[in-house]
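Visitor: Line by line, the protein sequences give chains X and W. Residues 1 to 331 in the working numbering are what the first sequence spells out, letter by letter. Residues 1001 to 1212 in the working numbering are what the second sequence spells out, letter by letter.
Watch out, some of these pointers could steer you wrong.
As a list, the in silico EDC-like pairs of lysine to aspartate or glutamate whose alpha-carbon atoms are at most 20 Å apart [unchecked claim]:
| # | chain 1 | residue 1 | chain 2 | residue 2 |
| --- | --- | --- | --- | --- |
| 1 | W | K1149 | W | E1182 |
| 2 | W | K1190 | X | D201 |
| 3 | W | K1145 | X | E57 |
Just so you know, these hints were derived from the structure itself, not from any lab.
One letter stands for each residue in the lines below.
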Amino acid sequence: MKKFISTVDRWSSVPFGVVGVSGTRALLGFVGLMFYVSQYADRDYLFGPDAVLPWREFVAQVHSNGSFSLYAWSSSEAWFQLVFHLGLITALMVTLGIGGRAGLACHWVFLWSLYERQPVLLDGGDNLAYLVLPMLLATRCYDRFSFSSGRAKRLGRRLPTQVRSLATPLHNLGVVAIASQMCLVYVVSGLYKVQGQMWQDGTALFYVLRVPEFAFPGVSNLIYHNDFLVVAGTYMTVIFLVYFPLGVLVPALRPWAAAMSISFHVAIGLCMGLTGFALTMIACDLVFLDKELGKAVSAVANLAVRPIRRARNEKEPGGRAVEVTLAEESV
Amino acid sequence: MTEHVVLRRAVLIAGAALLGAYLSIAALTQTPLNPVKLRYYDEMNALTEPYLSQNWMLFAPDPLSDDRGILARAKCANGRATGFYDVSRPYVARVQHDRFFPSRINRLVSGTITQMDSPDPVLARLRNKEMEKKKRPVPLLPYEKTSRKEAETFLARYSLSQLSNVCDGSPSAVQVRMYVHELPSWSRRKDSSARGTTRFEDLKWRNAEDVG
């Protein structure tokens, strides 16, 4: 019992994974921003009042789903443009770490509204994004990689101490929620693949990489023409997905499991053109790479600061000499 | 912060319980078909829809393995029908040449065709078994008919928007041809003459006014 209480106390007093979730927030914001940017030229055709899915039909769908969308509030062109551009700006703010949790909540509302406007465009990455963004609200995901104005901290100080004391347990719950969601995604995806004939035969990569929608001309054929790469890639995918939770539960294996997941999704992003999906998965994998991400950021910061320090050191002897000369003259 | 220890403990434990409940429900809606899912799926799904809905089948059980798309032709006011135009391929080509956040317009067609081909898993299993026994499969249920009709209307509307330059800019009707090109199988991968097979289905002519 004592051990249980001490574990509860540790989890409710020490924040875990602050750097990781900050990275998740920044990268998810970027993916959201790029969703707006990549569809910008086609926005009227895809989401506007006269889009390929008529506005009235879209409103009826939203009502039958028991959902909501800001785009359903009015069929005017001005309203559509306003909501779309506000959504884009909010996504940029989330990426840069401006606006705090209120901005993140607005980003979810705008993104959900856009997803509802044309659901056929969505993939697993968008699905994960709308589940994980509310989980991020509980975390201290603005502590790093953000241009904080300090307003949130000042407002926070006005809250009663009871409320403020809940920040750490809520943060840790948010981190665990994202990590568990990722485990669910991988295990379910792996279990379904195990049942598929092509995955069992070790030929799934051969088939999927030839589909024009997912083919990378000049690259995909190098993979699907190589029997070894096809079989090894197919089996490794299934094994990795099914055993991912085991990899992250064992602390020593955690960075390796996360690094493998990131490599796997970089390959999907490049070879299959699913950049948004791949980066969303990578963003959520960052919760498992808190220490490693922290070290990497420190290393990059050191590299960036080193030339400045060197330049300062080189200047300093000269600067001192001038001061000494001036002092001697004044004497 | 050492104050409010009891409150922090209570929130952590309550939050963990809530998270556990959410994960159990989400897991139950997402596992492959099993007796527990069959029994409780509707109740669990009602709890997750719409904001917590999820689908993690991701290229499973079998990934997409064929080239699917649509051709479309229009009828002009004078009754003349144009030839078929490939209205999905140009957007697929755009995706192939843009690896960094490509436009998703191509998914309007591929996503709609995939939705038409993705029945309820229980019905799919039932129909497969009946096919194996060479029995007549269960016909489309009313809701399946409705969603198929909606998908056909969507494809007709999409095609009409892509054929805006034919018939002097005002086609009076449109017809969609859905094709599925099955690529050569693994066993024929070394056979350079293998081309695969193509199946197609012509949908009904639709008046421009009805779908526009």
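Visitor: Enumerate the violated hints, using their earlier numbering and listing them in ascending order.
Guide: Going through the list in order, the structure violates hint 1 alone and respects the others.
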